[in-house]
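**Student:** Read off the chains here:
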Amino acid sequence: MLLSLEPRGQQSRAMLWLSPLLAAVLTLLCGSLLFLLLGLSPGLTLHTLLIAPISDWYGVSELLVKALPILLCALGLAVAYQARIWNIGAEGQLLLGALAGSAVAVNVIDWESRWALVWVLAAGTFAGAAWGGLTAWLRTQFNANEILTSIMLNYIALNLLLYFVHGPLKDPEGYNFPQSAMFGDMARLPLLSDDGRLHSGIYFALLALVVIWVLLQKSFLGFQIKVLGLDRRAAGFVGFREKSLVWFALLVSGALAGLAGVSEVAGPIGQLVPQVSPGYGYAAITVAFLGRLNPLGIVFASLLMALLYIGGESAQLSLNLPQAITQLFQGMMLFFLLACDVLILYRPRMKAVWKKRLVGKAAVA
Amino acid sequence: MSSSPPVPRLQLQGITKRYPGCLANDRIDLSIEPGEIHALLGENGAGKSTLMKIIYGVTQPDSGSIVWHGEPLKMRDPAMARQLGIGMVFQHFSLFETLTVAENIALAMGSEAGTPKQLEPRIREVSQRYGMPLEPQRLVHSLSIGERQRVEIVRCLMQDIKLLILDEPTSVLTPQEADELFATLRRLAAEGCSILFISHKLGEVRALCQSATVLRGGRVSGHCVPADCSDLELAKLMVGDAEGLESSYPKVSGGRVRLRVDDLNWHNIDPFGTSLTSLRLEVRSGEIVGIAGVAGNGQDELLALLSGEVRLPRGERERISLDDHPIANLYPDARRSRGLAFVPAERLGHGAVPDMSLSDNALLTAFQQGLLSKGLIKRAKVLAFAEEIIQRFAVKTPNAQAPARSLSGGNLQKFILGREIMQQPKLLVAAHPTWGVDVGAAAAIHRALIALRDAGAAILVISEDLDELFQISDRIGALSGGTLSPLAATASTTPADVGRWMAGQFAPQAPHLCTGSSASSAATLS
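In order, the protein sequence lines correspond to chains U and H.
With the working numbering applied, the first sequence corresponds to residues 1 to 365, in that order.
With the working numbering applied, the second sequence corresponds to residues 1 to 526, in that order.
Please keep in mind that the hints were generated in silico from the structure rather than gathered at the bench.
Careful, some of the hints might be misleading.
Residues of chain H clear of chain U, computed beta-carbon distances all greater than 12 Å [stated by the list, open to error]: (1) Thr16; (2) Leu73; (3) Asp77; (4) Phe96; (5) Leu99; (6) Gly114; (7) Ser211; (8) Leu281; (9) Gly296; (10) Pro332; (11) Arg335; (12) Arg336; (13) Ser337; (14) Ala448.
The calculated DSSO-like cross-link candidates involving lysine-lysine, where the alpha carbons are at most 30 Å apart (straight line), are [what the hints assert, rightly or not]: (15) Lys74/H with Lys243/U; (16) Lys236/H with Lys218/U; (17) Lys218/U with Lys381/H; (18) Lys218/U with Lys396/H; (19) Lys162/H with Lys226/U; (20) Lys374/H with Lys226/U; (21) Lys218/U with Lys374/H; (22) Lys243/U with Lys226/U.
Partial chain H-side listing against chain U, Cβ under 7 Å, derived [claimed, not checked]: (23) Val89; (24) Phe93; (25) Glu309; (26) Val310; (27) Leu312; (28) Asp333; (29) Pro344; (30) Gly349; (31) His350; (32) Asp355; (33) Thr365; (34) Leu372; (35) Gly375; (36) Leu383.
Glycine residues also receive a C-beta, built at the ideal position from the N, C-alpha and C atoms.
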């Protein structure tokens with residue numbers, strides 16, 4: 001083997017910071033190569049993908065709108081993943097949050113008070129938590145693998161949503177389109193400014209960020225969650241309650257995903273539609289790991305992910321770039337980011353053995 | 001004793017092996033004659049295991065040469081080693097528990113050796129010849145640890161064996177079983193088989209081996225004839241600095257009862273586990289009670305019940321009490337708040353989280369010591385607490401932020417023990433406190449335990465190391481098959497008595513019956 005990885009023994013502080021930079025350089029290099037091969041100008045394409053989308057206030061606000069649900073879901077997932085509970089169900093929890101919030105919202109369209117919004121948000125958050133709780137119950141009661149159950153619950157949630165949006169929640173005056181009535185103004189998240197779609201859901205995201213940061217970095221509960229994730233036997237040895245921690249992690253994760261879902265329908269969309277989420281819950285899994293399960297890291301990662309979404313769309317529109325190519329570029333960036341993180345714990349080394357063999361072969365030739 | 005023929009069976013010349021961050025073997029020379037029993041002595045981490053793996057072809061040396069019967073060769077893999085007639089018995093057996101003895105042996109020997117049925121007569125013959133009776137049709141899970149070791153040895157003897165390597169074979173045996181093993185090994189050596197015997201127990205090395213190579217820190221620190229050296233001389237070769245290894249502590253009798261285990265019965269649902277039957281035990285303040293026993297006789301189960309990892313239903317909470325409070329139904333943290341401290345058998349993965357810093361690992365069990373406020377961690381206090389442990393117990397580490405996995409076994413054990421002692425426990429339960437720990441750290445750990453005892457704490461030590469138990473405990477007993485022998489004052493007990501208890505014979509026996517050659521295992525580093 002030409003290159004081998006050797007464990008460092010402990011984390012490299014320098015690489016903690018250098019690895020994302022290295023990944024960025026590699027992505028830009030390989031991306032440029034890709035665009036050159038396609039006969040495009042690398043400079044222009046990269047600009048369209050990465051800079052143009054956020055060169056004005058509207059762009060930035062769109063970025064935040066996109067990043068918001070991803071951030072909320074990823075923060076919740078970070079809690080579960082720190083405990084090594086592999087909740088893949090953020091998507092389902094998000095959809096169920098949107099569904100439950102909508103079910104309340106269409107019944108309070110006439111309300112004149114802000115309580116409408118409170119009930120809508122509470123319903124969505126609770127529904128998400130309950131959906132997460134279902135996974136926790138299956139896990140703690142029957143020892144069912146949470147990866148499988150949470151994925152399956154995603155499909156159930158999606159089909160529940162489709163059933164309701166085609167049936168009981170369909171707008172009677174909506175010309176039979178599969179969508180609910182528009183929510184009343186009092187049930188909608190107020191916009192932050194007149195231009196753009198940025199809404200007050202951003203405050204929830206900031207609040208969640210602070211709470212999750214304190215939980216994971218400062219609190220003893222967060223410490224217990226990390227111990228459970230790193231070393232189940234040690235957690236049992238000191239008497240941390242494994243079942244309660246599993247419940248807690250999945251409830252928090254579900255509640256935040258539910259809040260993300262209800263914030264979408266009560267925010268930018270304003271009604272329940274079949275396409276509430278373009279896969280935010282799944283993107284959040286990548287984002288959580290990209291941010292190294294650290295709340296602050298997750299903020300950057302979710303902004304990056306949102307940028308890739310928006311940049312991809314605008315490159316399709318303005319450069320006629322096929323969707324496959326923008327997805328290839330996104331994949332490349334995520335690949336390099338995660339791959340470079342290997343360098344935090346491992347040191348690359350050229351193997352001497354290989355050189356010797358090479359010399360041997362040269363001699364034979 | 002050894003009439004050296006011209007060609008040694010195995011010679012190692014300048015073997016060097018480097019792992020990331022450590023030089024495991026540094027220019028090691030070693031020579032073994034035919035029919036010689038050669039000891040490889042050394043502390044944990046001295047490089048014994050690496051050297052064995054090199055001889056057996058599991059890993060390749062970076063430099064140096066292996067000479068077999070005068071022929072230099074490259075040991076490619078264990079298959080090649082076996083073909084040459086090298087057999088190895090690892091410390092952790094590689095047997096399939098659900099298969100029979102014959103099936104296990106047939107599996108290891110490959111299909112050309114024949115079916116298990118065809119092998120049976122030879123297994124019987126070989127095992128009889130060397131005094132290791134084995135029934136080929138028995139399932140391995142029904143065998144005792146000593147019998148399983150016989151399977152491993154017989155497996156090596158089935159072929160034409162020239163060199164047998166044994167890695168700490170007596171660590172899992174009672175003193176009597178160890179004597180039987182030694183008889184077998186002597187017979188093998190008399191037939192011309194060379195034996196490389198790896199150990200850190202000086203008494204048995206002296207009893208068995210004609211010559212010894214001592215390793216320290218990856219280098220050969222000396223070759224010697226064990227019979228001509230004192231324990232202190234050997235210990236100095238192994239440790240370098242034998243200071244503080246003197247090991248006789250005065251025996252005391254305790255005060256009031258702290259821990260009481262009263263008729264504890266516990267059924268293990270694991271078919272390969274051990275159930276506990278009517279266990280009775282008292283540990284008093286200011287005394288150390290030692291419990292001996294071969295691994296797998298109920299130690300893990302008793303420890304889990306004492307720590308609170310396994311709890312009894314509320315109705316049976318009186319079975320275990322601490323200072324007359326029933327605790328058998330309580331979680332570990334509730335027991336801790338009543339004054340229990342605990343050093344589990346495994347340091348990494350049980351007593352400490354490998355990937356967490358020492359500071360976090362201090363918090364792990366000491367969180368009830370005022371290190372929290374309203375659910376938040378007081379980082380500065382935790383750090384100060386960790387640094388105090390490191391300082392008071394002389395833990396060698398760059399700082400309190402170093403991950404637990406980066407510490408050597410002895411240092412981490414000092415840290416864990418320090419963490420428990422600093423909580424000023426009323427009762428300390430310690431499992432195998434010096435297992436895999438170098439002699440220097442072991443002496444420090446023993447001193448710390450004695451100091452805690454003298455400060456009035458009750459201490460229960462469960463260990464497989466008889467020498468250690470005789471050295472530090474005031475009363476001693478043994479677990480066998482989930483039952484506990486009566487406890488007796490250590491001062492009036494011999495290792496042979498404890499050996500019998502370990503084998504399950506609790507009834508008192510006439511003294512003349514239990515003398516014998518087991519004195520070897522009682523030798524301590526005094």
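**Student:** Give a verdict on every hint.
**Tutor:** Each hint tested on the structure:
Under the 12 Å C-beta cut-off, the non-interface status given to Thr16/H relative to chain U holds; the minimum distance is some 14 Å. Every CB of chain U lies more than 12 Å from the CB of Leu73/H, the least distance being 19 Å, so the non-interface label holds. For Asp77/H, the condition that its CB be more than 12 Å from all CB atoms of chain U holds, with the nearest at approximately 17 Å. With 12 Å as the threshold on Cβ separation, the claim that Phe96/H sits away from chain U holds: the shortest Cβ distance comes to roughly 25 Å.
Under the 12 Å C-beta cut-off, the non-interface status given to Leu99/H relative to chain U holds; the minimum distance is some 28 Å. For Gly114/H, the condition that its CB be more than 12 Å from all CB atoms of chain U holds, with the nearest at approximately 39 Å. Against the 12 Å criterion, Ser211/H stays outside the reach of chain U, whose nearest CB is about 36 Å from its own CB. The beta carbon of Leu281/H is kept farther than 12 Å from every beta carbon of chain U, the shortest such distance being approximately 21 Å.
Residue placement check: Gly296/H keeps its beta carbon more than 12 Å from all beta carbons of chain U (closest about 18 Å). With a minimum CB-CB distance of about 3 Å to chain U, Pro332/H fails to clear the 12 Å threshold, and the non-interface call is violated. Look at Arg335/H: its CB is around 8 Å from the nearest CB on chain U, not clear of 12 Å, so calling it non-interface is violated. In this structure Arg336/H is not separated from chain U by more than 12 Å, as the shortest Cβ-Cβ distance comes to only about 7 Å.
The claim that Ser337/H is not at the interface with chain U is violated, since a C-beta of that chain comes within 12 Å of its own (minimum 10 Å). The Cβ of Ala448/H sits about 21 Å from the closest Cβ of chain U, beyond the 12 Å cut-off, so the non-interface label holds. With a CA separation close to 54 Å, the supplied pair Lys74/H and Lys243/U exceeds the 30 Å bound. A distance of roughly 48 Å separates the Cα atoms of Lys236/H and Lys218/U; the hinted pair therefore is violated under the 30 Å criterion.
Our distance criterion of 30 Å between C-alpha atoms is met by Lys218/U and Lys381/H, whose separation comes to about 13 Å. For the given pair, Lys218/U sits about 28 Å from Lys396/H by alpha-carbon distance, which is consistent with the 30 Å threshold. Taken as a hint, the Lys162/H and Lys226/U pair is broken in the structure, with Cα atoms around 52 Å apart against an allowance of 30 Å. Pair hint Lys374/H plus Lys226/U holds up; C-alpha atoms about 19 Å apart against a cutoff of 30 Å.
Of the pairs offered as hints, the one joining Lys218/U and Lys374/H holds, with about 11 Å between alpha carbons and a cut-off of 30 Å not exceeded. Taking the CA atoms of Lys243/U and Lys226/U, the gap is near 14 Å; set against the 30 Å cutoff, the hint holds. The closest approach between the C-beta of Val89/H and any C-beta of chain U is roughly 29 Å, which is over the 7 Å cut-off, so the hint fails. The beta carbon of Phe93/H comes no nearer than 23 Å to any beta carbon in chain U, farther than 7 Å, and the hint placing it at the interface is violated.
Contact between Glu309/H and chain U, as hinted, is supported at the beta carbon level, the nearest pair being about 5 Å apart and thus within 7 Å. Checking Val310/H against chain U by beta carbon gives a least distance of about 9 Å; that is not within 7 Å, so the hint is violated. At its closest, the beta carbon of Leu312/H sits 15 Å from a beta carbon of chain U; the interface hint therefore is violated under the 7 Å criterion. Contact between Asp333/H and chain U, as hinted, is supported at the beta carbon level, the nearest pair being about 4 Å apart and thus within 7 Å.
With a cut of 7 Å, the hint placing Pro344/H at the interface with chain U holds, because the nearest CB-to-CB distance is about 6 Å. The criterion of a C-beta within 7 Å of any C-beta in chain U is met by Gly349/H, whose closest approach is roughly 6 Å, and the hint holds. Given hint, His350/H at the interface with chain U, holds; its Cβ is 5 Å from that chain's nearest Cβ, closer than 7 Å. Taking 7 Å as the C-beta cut-off, the interface hint given for Asp355/H holds, the closest approach to chain U being about 5 Å.
Because the smallest distance between the Cβ of Thr365/H and any Cβ of chain U comes to about 5 Å, under 7 Å, the interface hint for this residue holds. Taking 7 Å as the C-beta cut-off, the interface hint given for Leu372/H holds, the closest approach to chain U being about 5 Å. Residue-level restraint check for Gly375/H holds (minimum Cβ-Cβ distance to chain U is 5 Å; threshold 7 Å). Taken as an interface hint, Leu383/H does not check out: its beta carbon lies about 14 Å from the nearest beta carbon of chain U, beyond 7 Å.
This entry does not satisfy hints 10, 11, 12, 13, 15, 16, 19, 23, 24, 26, 27 and 36, going by the numbered hints stated previously.
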